[in-house]
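A.B. asks: Sequence:
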Amino acid sequence: MGLGLARGNHSRLSQYEEKYSYFPETERIKRLGDAKNMFQFAYDNYVKYAFPLDELDPIHCTGRGSDQSDPSNLNINDVLGDYSLTMIDTLDTLAIIGNTSEFKQAVQLVIENVSFE
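Once you know that position 93 of the sequence shown is 93 in the UniProt record's numbering, the rest is easy, because the numbers rise by one and skip nothing.
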């Protein structure tokens, strides 16, 4: 099963564990940087092309909110609510990756642009 530990054989690593259970520190740091760069690319483009709408339409590189012309369009309207969904969802990631200045700016944008009334 899975990692090979459920069989009671704790002295041997499964083939999966041997291949994937350890990353050298240099590889971990590289992957961490890659993840931060991918996040930053997506976030910057959302802010540039979509904010204050809910999300960035990657095909058209435009913002997208709810489909107000067709309230029965549940594919869009069940998720998007015209409250800057991506910006709100991004706040915790900005904090976790330590981008304090961008986090503060994003909080200010939410305060200025989002209302649930």
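No wet-lab data here; the hints were simulated from the structure.
Bear in mind that the values here come from a model prediction, so they are computed numbers and not experimental data.
In this text, a Cβ means the ideal position worked out from N, Cα and C, and glycines have one as well.
Just to be clear, a hint being listed does not mean it is correct.
Unchecked claim - Listed next, with one range per pair, are the computed distances between beta-carbon atoms: (1) Val114 x Tyr49: 36 to 46 Å; (2) Glu17 x Gln108: 39 to 49 Å; (3) Ser72 x Thr26: 17 to 27 Å; (4) Glu18 x Asp70: 45 to 55 Å.
A.B. asks: Give a verdict on every hint.
C.D. replies: Verification of the supplied hints:
no., hint, result
1, Val114 x Tyr49: 36 to 46 Å, "18 Å, violated"
2, Glu17 x Gln108: 39 to 49 Å, "46 Å, holds"
3, Ser72 x Thr26: 17 to 27 Å, "53 Å, violated"
4, Glu18 x Asp70: 45 to 55 Å, "53 Å, holds"
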